[in-house]
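Chemist: Read off the chains here:
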Amino acid sequence: MRRGLKGAIGIAACLWLALAAGCGGAAKDASAPASPSNAKAESYPGGAGPTPGMPPPPPSTAATAPPTGSARRTEAMADFERATRDLEAASNECGTACRALASLERATVRICELAEEPADVERCEDAKKKLRNARDRVRASCNACPGGPSVDRDAPIPSR
Amino acid sequence: MGGAVKRFAPLAPFAALLSALALLVAVAIGACRPAGGIAGDDAGTPIDTDVMAFLSAARALHHQANVKEDANDVPGAIDSMQKLVTLPQPRSAPEIEEVLADAYARLAELRIKNKEIDQAGKDVESGLLHAKEPTYFRGHLLEVRGMVEEERAKQLESAGKKDEAKAARAKAIQLFDEVVQIQMKVIDKLGDGGKK
Numbered sequence: 002m003r004r005g006l007k008g009a010i011g012i013a014a015c016l017w018l019a020l021a022a023g024c025g026g027a028a029k030d031a032s033a034p035a036s037p038s039n040a041k042a043e044s045y046p047g048g049a050g051p052t053p054g055m056p057p058p059p060p061s062t063a064a065t066a067p068p069t070g071s072a073r074r075t076e077a078m079a080d081f082e083r084a085t086r087d088l089e090a091a092s093n094e095c096g097t098a099c100r101a102l103a104s105l106e107r108a109t110v111r112i113c114e115l116a117e118e119p120a121d122v123e124r125c126e127d128a129k130k131k132l133r134n135a136r137d138r139v140r141a142s143c144n145a146c147p148g149g150p151s152v153d154r155d156a157p158i159p160s161r
Numbered sequence: 004m005g006g007a008v009k010r011f012a013p014l015a016p017f018a019a020l021l022s023a024l025a026l027l028v029a030v031a032i033g034a035c036r037p038a039g040g041i042a043g044d045d046a047g048t049p050i051d052t053d054v055m056a057f058l059s060a061a062r063a064l065h066h067q068a069n070v071k072e073d074a075n076d077v078p079g080a081i082d083s084m085q086k087l088v089t090l091p092q093p094r095s096a097p098e099i100e101e102v103l104a105d106a107y108a109r110l111a112e113l114r115i116k117n118k119e120i121d122q123a124g125k126d127v128e129s130g131l132l133h134a135k136e137p138t139y140f141r142g143h144l145l146e147v148r149g150m151v152e153e154e155r156a157k158q159l160e161s162a163g164k165k166d167e168a169k170a171a172r173a174k175a176i177q178l179f180d181e182v183v184q185i186q187m188k189v190i191d192k193l194g195d196g197g198k199k
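Residue numbers (this note's numbering), protein chains in the order written: chain A, 2 to 161; chain B, 4 to 199.
Only chain A is shown next, with the shape it has when bound in the complex (with noise of 0.2 Å):
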């Protein structure tokens, strides 16, 4: 029982160390320069860039220790929020883009219905043109808008 007790207590000491180094590593991957353009930099010694004309030096082997698992994990965890943010700013900007083509649609149909002097009917065929244009653009990033305009250059004029 009692050398239990010591195995146990060694353990819990391990895991405390174990735990701090860890910590301690995490802290200075969070401190470290976000850019990889900066990352880069850093890595040549005494901070400065890579002479003109000539290759960057090798890393070198001695300096550079393998990364630590908490280091990996910081990293796979930076690499995964890099892609998440990706993929949100992608949907982000097609959901933006719908809206606007639906807004521009909305517009064309309204300088039409109100359209009575010859130059504001020549104002509807100009608005008409640049929402079959605005479709193509939109098809060509986004695809579609589900549930928003049609992005068929052809659609009828609303499209809804």
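In short, the hints are calculated from the structure, not lab data. Warning: the hint list may mix true and false statements.
Said to hold, decoys possible - Calculated cross-link-like contacts (lysine-lysine; reagent style BS3-like; alpha-carbon spacing at most 30 Å):
hint: 1; chain 1: B; residue 1: 169; chain 2: B; residue 2: 192
hint: 2; chain 1: B; residue 1: 169; chain 2: A; residue 2: 129
hint: 3; chain 1: A; residue 1: 130; chain 2: B; residue 2: 174
hint: 4; chain 1: B; residue 1: 86; chain 2: A; residue 2: 131
Using the hints, position chain B against chain A.
Modeler: Chain B only, in chain A's frame:
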């Protein structure tokens, strides 16, 4: 019962040690977390909980307005949107500006439905203060301003004020034309990461 207690009594020190160990691990994990809230991104930017709370309240009020509008309670929906635009703002942030611009546009549309044309025009003006750049939100607010002018033209026409009605219609067309230009710009920016 007493037997069971006796049987597990020798394990008590282990149990105490395990509890202490669990506490130690929890404290260590807590210490590893950056201070200042939830870690937002790899640069260590914390997510602003005040902004999150504002956005959550705004979403709830939009839902409330949807329910009221679906029940044909337009004044009730106006009330919900009025609450949204008067929510205390934690600080100036782009996402808050967008939410307010969007809310004012919806509020103005509801006012048009409720035949409050002048107030709708004022709400659009308030919304435009939150959308000064040529964004979707500005375009949408100008679209609603065009609707205000269109509605005004109808009222003037009914009142026999033909010239004034014609002027209001011309103004509406001009505003809708501006909407087309702005939204076209928004769509043109697609895929360039907003560099244009």
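Chemist: State for each hint whether it applies.
Modeler: We went through each hint and held it up to the structure:
Between residue 169 of chain B and residue 192 of chain B, the direct Cα distance comes to roughly 35 Å. Violation of the 30 Å bound is thereby established for this hinted pair. Using a Cα cut-off of 30 Å, the hinted pair residue 169 of chain B and residue 129 of chain A holds, with the two alpha carbons roughly 23 Å apart. For a cut-off of 30 Å, the pair hint linking residue 130 of chain A to residue 174 of chain B stands: about 22 Å separates their Cα positions. For the suggested pair residue 86 of chain B and residue 131 of chain A, the alpha carbons sit about 37 Å apart, so the restraint of at most 30 Å is broken.
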